[in-house]
Amino acid sequence: MLGRLRARLGYFTARKLMKSHRAVQQPKLWRWMEGQFARMAALGDVQAQSFYGHLLLFRGKGLGARQEGIRLLKLAAEAGEPKAAYQMGAISLSEDATHGPDGVSAARWWALAAKAGHPLAATRLAQLYRVGGHGLPADAEQARRYEARAEALGA
Numbered sequence: 000m001l002g003r004l005r006a007r008l009g010y011f012t013a014r015k016l017m018k019s020h021r022a023v024q025q026p027k028l029w030r031w032m033e034g035q036f037a038r039m040a041a042l043g044d045v046q047a048q049s050f051y052g053h054l055l056l057f058r059g060k061g062l063g064a065r066q067e068g069i070r071l072l073k074l075a076a077e078a079g080e081p082k083a084a085y086q087m088g089a090i091s092l093s094e095d096a097t098h099g100p101d102g103v104s105a106a107r108w109w110a111l112a113a114k115a116g117h118p119l120a121a122t123r124l125a126q127l128y129r130v131g132g133h134g135l136p137a138d139a140e141q142a143r144r145y146e147a148r149a150e151a152l153g154a
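Here numbering that gives the first Met the number 0 is used: position 26 in the sequence shown is 25, and no number is missing along the way.
In case anyone wonders, no lab produced these hints; they're calculated from the structure.
Take these hints with a grain of salt, some might be off.
[To be verified] Computed cross-link-like contacts, SDA-like style, restricted to lysine to any residue with a CA-CA straight-line distance of at most 20 Å: (1) 60 to 31; (2) 114 to 91; (3) 73 to 114; (4) 114 to 138; (5) 114 to 150; (6) 18 to 54; (7) 18 to 37; (8) 60 to 33; (9) 27 to 43; (10) 82 to 67; (11) 82 to 118; (12) 82 to 96; (13) 73 to 56; (14) 82 to 27; (15) 82 to 43; (16) 73 to 53.
[Stated by the list, open to error] Distance windows between CB atoms, simulated: (17) 132 to 70: 37 to 47 Å; (18) 137 to 14: 35 to 45 Å; (19) 129 to 18: 36 to 46 Å; (20) 15 to 140: 45 to 55 Å; (21) 26 to 129: 45 to 55 Å.
These numbers were taken from a predicted model, which means no experiment stands behind them.
For each residue, glycine too, the CB sits at the ideal point set by N, CA and C.
Take these sequences, add in the hints, and give me the full structure.
Structure (structure tokens):
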């Protein structure tokens, strides 16, 4: 119980320090902040998994950091976090040394994000269904449905 409270306080402090350009540029402080993000993500906090996953994916150094970021984003997306689900859809359509583009997987992640209220996910899903590709057949009705969802969400 006390450990969870310390983790939450450390995470909260580290998130506040992220707003300071000076704090982020100090190597010792940055390592401490990363430790707080990692600890909270390891405790299963969905928001921390999403935040730290994005951080590792875009600012991490090396393939290991990228893979850990994707793992954390996947955990957060499966728990219903819309930003993480959107990012997993984008990752699914990207191509790298480990996988090729997968339209079916991207559609699944973006549908989850759109259901959770992510307007860009609905827009991208409508575009994907309109043209099809990467293993996903074009479907005009689904495209119209997600265009309407995107409009309803304010996209």
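To see whether the hints hold, each was checked on the structure:
In summary, the hint linking residue 60 to residue 31 is supported, as the alpha carbons are separated by about 16 Å, within the 20 Å threshold. For the suggested pair residue 114 and residue 91, the alpha carbons sit about 18 Å apart, so the restraint of at most 20 Å is met. Among the hinted pairs, residue 73 with residue 114 is consistent with the structure: their alpha-carbon atoms are about 16 Å apart, no more than 20 Å. A distance of roughly 18 Å separates the Cα atoms of residue 114 and residue 138; the hinted pair therefore holds under the 20 Å criterion.
Between residue 114 and residue 150 the alpha-carbon distance is near 13 Å, which keeps this suggested pair within the 20 Å criterion. Restraint check: the Cα-Cα separation between residue 18 and residue 54 comes to about 14 Å, which is no more than 20 Å; the hinted pair holds. The suggested pairing of residue 18 with residue 37 holds, with an alpha-carbon distance near 18 Å, which does not exceed 20 Å. Under the criterion of a C-alpha separation no larger than 20 Å, the hint pairing residue 60 with residue 33 is consistent with the structure, at around 13 Å.
Our distance criterion of 20 Å between C-alpha atoms is broken by residue 27 and residue 43, whose separation comes to about 25 Å. Restraint check: the Cα-Cα separation between residue 82 and residue 67 comes to about 17 Å, which is no more than 20 Å; the hinted pair holds. Restraint check for residue 82 and residue 118: the C-alpha separation of about 10 Å stays at or below 20 Å, so the hint holds. At roughly 24 Å between alpha-carbon atoms, residue 82 and residue 96 are farther apart than 20 Å, so this suggested pair is violated.
About 12 Å separates the Cα atoms of residue 73 and residue 56, which keeps this hinted pair within 20 Å; it holds. For the given pair, residue 82 sits about 29 Å from residue 27 by alpha-carbon distance, which is inconsistent with the 20 Å threshold. Simply put, residue 82 and residue 43 have alpha-carbon atoms about 17 Å apart, close enough for the 20 Å limit, and the pair holds. Using a Cα cut-off of 20 Å, the hinted pair residue 73 and residue 53 holds, with the two alpha carbons roughly 11 Å apart.
Remark: the range hint 37 to 47 Å for residue 132 to residue 70 is contradicted by a beta-carbon distance near 26 Å. At about 42 Å, the beta-carbon gap between residue 137 and residue 14 stays in the expected band of 35 to 45 Å. For residue 129 and residue 18, the hinted distance range of 36 to 46 Å is satisfied, since their beta carbons lie about 39 Å from each other. Judged by the Cβ atoms, the range 45 to 55 Å given for residue 15 and residue 140 holds: they are separated by roughly 46 Å.
Between residue 26 and residue 129 the beta carbon distance is about 47 Å. The supplied range of 45 to 55 Å therefore holds.
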